[in-house]
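Visitor: Sequence:
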Amino acid sequence: MPDAAQARSVDLDQPKATETTMSKRGIRYGLALALTGVAGTAWAQDGNVTMGQQIAEEYCASCHMVGPGGAFKEDPPSFAAIAVYRSADQIRARIVQPIHDAMPRYTEYMIGGNIDDMVAYITSLED
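In terms of the numbering used here, the sequence shown opens at residue 1190 and continues consecutively.
There may be inaccurate statements among the hints.
[Claimed, not checked] Derived SDA-like pairs: lysine to any residue, alpha-carbon spacing no greater than 25 Å straight-line:
1) K1262 / I1244
2) K1262 / G1301
3) K1262 / E1246
4) K1262 / V1273
5) K1262 / T1239
6) K1262 / C1252
7) K1262 / Y1295
8) K1262 / M1292
Simulated from the structure, these hints should not be mistaken for laboratory data.
Build the full structure now, drawing on both the sequences and the hints.
Guide: Next comes the structure, spelled out in structure tokens:
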């Protein structure tokens, strides 16, 4: 899991990487895991989609559209729009370091595994 400095290094203004770039990243990530002996999956796959959905419905739905489909509104963005236009790393970075203070009780629930669950849920909406 990245620390705050790594999360800030993600370029949030850039669209998702191309499939070629993603393939290269996947190869590098897999190679790094093999070389270090670390087993696991990508961050977005570590979370529980169902738990992420429950967190989103309980804590985020008062402002964001959290379900699949729906309008791609901009402010605040729907989770479906976020899934389409942001990578898992960018989503994680925005969760770890939000760009505004308007999210109520944010620090109470956006900790530890809940972050993995939210990333997993949001990225699942791209399908």
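Visitor: Now, for every hint given, state plainly whether the structure supports it.
Guide: Tested hints:
| no. | hint | verdict |
| --- | --- | --- |
| 1 | K1262 / I1244 | 20 Å, holds |
| 2 | K1262 / G1301 | 28 Å, violated |
| 3 | K1262 / E1246 | 17 Å, holds |
| 4 | K1262 / V1273 | 13 Å, holds |
| 5 | K1262 / T1239 | 23 Å, holds |
| 6 | K1262 / C1252 | 11 Å, holds |
| 7 | K1262 / Y1295 | 21 Å, holds |
| 8 | K1262 / M1292 | 17 Å, holds |
Comparing the model with each numbered hint stated earlier shows that hint 2 is the single one that does not hold.
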